[in-house]
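Let's have the full structure, built from the sequences with the hints guiding it.
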Amino acid sequence: MSRLIVDGLTVTLGTLSGPRTVVREVGLTLGEGETLGLVGESGSGKSLLWLGVLGLVPPGAVVTGSARLGDTELVGAGQGQLADIRGRRIAMVFQDPMTALNPYLTIGRQLAEVVERHHGADRSTARRAALDLLDRVGIPDAARRIDLYPHEFSGGMRQRATIAMALLGRPDILVADEPTTALDVTVQAQILDLFAELKRDGGLTQVLISHDLGVVAGLADRVAVMYAGRLVEVAGVEDLFACPLHPYTQGLLAAMPRVDRPGVDLLATIPGQPPDPARLPPGCAFAPRCLLADDGCRHAPPVLAPVAPGRQVACRKVGAP
Amino acid sequence: MSRPILSVRDLIVRFDLGRGLFGPDRVLTAIDGVSFDLGAGETLGIVGESGSGKSTLGRAILRLIPAEAGQIVWLGQDLRRLGEGAMRPLRRDLQIVFQDPLAALDPRATVFQSIAEPLATHRPDMTRIQMREAVSRWLARVGLDDTALDRYPHEFSGGQCQRIGIARAMILEPRLIVCDEAVSALDVSIQAQIVNLLAALQRETGVALLFISHNLAVVRHLSHRILVLYLGRVAEIGPAEALFADPCHPYTRALLAAVPPPDPVAARGRRRAGLTGEPPSPLNPPSGCAFRTRCPLAIEICATTMPTAEAIDDDALHLAACHRWRDRSTQGA
Numbered sequence: 004m005s006r007l008i009v010d011g012l013t014v015t016l017g018t019l020s021g022p023r024t025v026v027r028e029v030g031l032t033l034g035e036g037e038t039l040g041l042v043g044e045s046g047s048g049k050s051l052l053w054l055g056v057l058g059l060v061p062p063g064a065v066v067t068g069s070a071r072l073g074d075t076e077l078v079g080a081g082q083g084q085l086a087d088i089r090g091r092r093i094a095m096v097f098q099d100p101m102t103a104l105n106p107y108l109t110i111g112r113q114l115a116e117v118v119e120r121h122h123g124a125d126r127s128t129a130r131r132a133a134l135d136l137l138d139r140v141g142i143p144d145a146a147r148r149i150d151l152y153p154h155e156f157s158g159g160m161r162q163r164a165t166i167a168m169a170l171l172g173r174p175d176i177l178v179a180d181e182p183t184t185a186l187d188v189t190v191q192a193q194i195l196d197l198f199a200e201l202k203r204d205g206g207l208t209q210v211l212i213s214h215d216l217g218v219v220a221g222l223a224d225r226v227a228v229m230y231a232g233r234l235v236e237v238a239g240v241e242d243l244f245a246c247p248l249h250p251y252t253q254g255l256l257a258a259m260p261r262v263d264r265p266g267v268d269l270l271a272t273i274p275g276q277p278p279d280p281a282r283l284p285p286g287c288a289f290a291p292r293c294l295l296a297d298d299g300c301r302h303a304p305p306v307l308a309p310v311a312p313g314r315q316v317a318c319r320k321v322g323a324p
Numbered sequence: 037m038s039r040p041i042l043s044v045r046d047l048i049v050r051f052d053l054g055r056g057l058f059g060p061d062r063v064l065t066a067i068d069g070v071s072f073d074l075g076a077g078e079t080l081g082i083v084g085e086s087g088s089g090k091s092t093l094g095r096a097i098l099r100l101i102p103a104e105a106g107q108i109v110w111l112g113q114d115l116r117r118l119g120e121g122a123m124r125p126l127r128r129d130l131q132i133v134f135q136d137p138l139a140a141l142d143p144r145a146t147v148f149q150s151i152a153e154p155l156a157t158h159r160p161d162m163t164r165i166q167m168r169e170a171v172s173r174w175l176a177r178v179g180l181d182d183t184a185l186d187r188y189p190h191e192f193s194g195g196q197c198q199r200i201g202i203a204r205a206m207i208l209e210p211r212l213i214v215c216d217e218a219v220s221a222l223d224v225s226i227q228a229q230i231v232n233l234l235a236a237l238q239r240e241t242g243v244a245l246l247f248i249s250h251n252l253a254v255v256r257h258l259s260h261r262i263l264v265l266y267l268g269r270v271a272e273i274g275p276a277e278a279l280f281a282d283p284c285h286p287y288t289r290a291l292l293a294a295v296p297p298p299d300p301v302a303a304r305g306r307r308r309a310g311l312t313g314e315p316p317s318p319l320n321p322p323s324g325c326a327f328r329t330r331c332p333l334a335i336e337i338c339a340t341t342m343p344t345a346e347a348i349d350d351d352a353l354h355l356a357a358c359h360r361w362r363d364r365s366t367q368g369a
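Keeping their order, the protein sequence lines are chains H and R. Here this note's numbering is used: the first sequence runs in plain steps of one and ends on residue 324. Here this note's numbering is used: the second sequence runs in plain steps of one and ends on residue 369.
Please note that the accuracy of each hint is not assured.
Derived contacts from chain R toward chain H, CB cut-off under 10 angstroms, selection only [claimed, not checked]:
no. : residue
1   : Asp-46
2   : Thr-146
3   : Gly-195
4   : Ala-228
5   : Ala-253
6   : Val-255
7   : Pro-296
8   : Thr-312
Calculated from the structure, these hints are not laboratory results. As the structure is a computational prediction, the values presented were derived from the model and not from experiment. Even glycine gets a Cβ: it sits at the ideal position worked out from N, Cα and C.
Written out as structure tokens, the structure reads:
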């Protein structure tokens, strides 16, 4: 049973230099209790895909296609309905916890507000719920810290607090956008353990957006790879890391220096750089950097197609007999 | 290592934060007695969490910020004893590349002006035509071409700006470059290009690198030796592979264990965090060993006595500042 079905989702931003399509015809399903890793480099559209699903795109942007959560269509839904869904059914955690928290309110007050807003609880019930969650996300001495302000929290504790805030609405799906990118590696490890616990104990469905393949490897069940606004590969996590099929995925994995292996002389590189979304080539967006590309690749963009059970790849050079 | 080109001894950097609202003067010790050597053509990776002092260390060595005590011996001269006038000719040998290449370049200067600026300062003998040729040569060497010469930084991507920053640092053919998180803001595919470029430039010119980074994978890949900083002190220093194969300080072990490997099989079921909590404030460091408040091996002596660096191997290349480094097999972290 699928909880969220995204189909043909396209996000076009209105910029000063005209409309710019940053997410193109993305289709994916999110199963109950699964963790989907979404990887891609800056500008690949991995964050805007989810902002599009949740109706959080900047003014002037246009979202088309479909994102169905159970029986509810999110694309084109009114802001009132979306506000109700955000937090209560799909919650999002961002990279920089300081911008997600109100500096003028204590941690406890802003968490309690979420409970009051979504569940109509009274103040003392809401505070108890907030305290429970701060405890659960591993804030030490939560009973005292609940009355502190965000600036009195360390970076790691702030991110724990925003995760607690996201969980307060008891959402079905948690979308975490680069949740550990701003944190030190020892603190990142603690937050990743927390996500693993939420999955194991609570069965929470999670989307983990990251540029770091290491972060995704340990938590995701399936991984989707984005390049220039499109999904280029979707696969089970072990398949993807053991046997990447799309040339971009292969290049990305090969370009990573490995912390778990001695250094090599030369890292594999992907030549060139990601394309400007305003000037995408007519064919496969990766073709200008791809060693396998031929005239056919430069002509029309490839379609994301199944190549094996649970595996999809958008490349004309893969899966052809 | 042959004779070091740089020997740092007992370096101390303090920042006076001024008076608190009611309290006495607050002084932050950012670097607290750091010593190490760097050989010609060598890369020393400097790792540690934010607040460990790694950027401060790099800047203090270049005398971009003043050190309070200790020695920075560069080719036999203690830089701390030199006046700005005596320091100036040495600066052509000592360069730096920053994390945010766009912020490090003057937005109103063309690429030619940015890269040629060190030449204008240090090589007044060069004609404009010679400068143009030198800039063009270095542009080609970092993977850009002459069409870049008269353009402005905002017209380039992050990776291209970092190439420009590297050309600017290399143009005087320095003997040391401090790379301060030089590839941290770049995407993986671009990061690999820049890492390879730095390694190639080092092979060709013999430039030594102080490679400051929070990214342990990049540091392992690029470094000959690695220095682990914790709260302004050296926790461990040693040859890169020895440090990864046999990390002797519990902080090094925790740091290495915390990095998620890009390998779902190895990552499965593994608890990541070896450490609880976050580094203590450098304004109020713990007594004794700075790491003891998070250390699974801490005992009484760790609270009373600051550990000194002890040699792990016979050649004293691998050092750890831990009272319990011999008990390292007892910790699972």
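Each hint, compared with the structure:
1. Asp-46: violated, 27 angstroms
2. Thr-146: violated, 21 angstroms
3. Gly-195: Check passed: Cβ of Gly-195/R comes within 6 angstroms of chain H, closer than 10 angstroms.
4. Ala-228: With a minimum Cβ separation of about 4 angstroms from chain H (threshold 10 angstroms), the hint on Ala-228/R holds.
5. Ala-253: Holds, about 4 angstroms.
6. Val-255: holds, 9 angstroms
7. Pro-296: Cβ of Pro-296/R sits 4 angstroms from chain H, so the hint holds.
8. Thr-312: At 7 angstroms from the nearest chain H Cβ, Thr-312/R passes the 10 angstroms test, so the hint holds.
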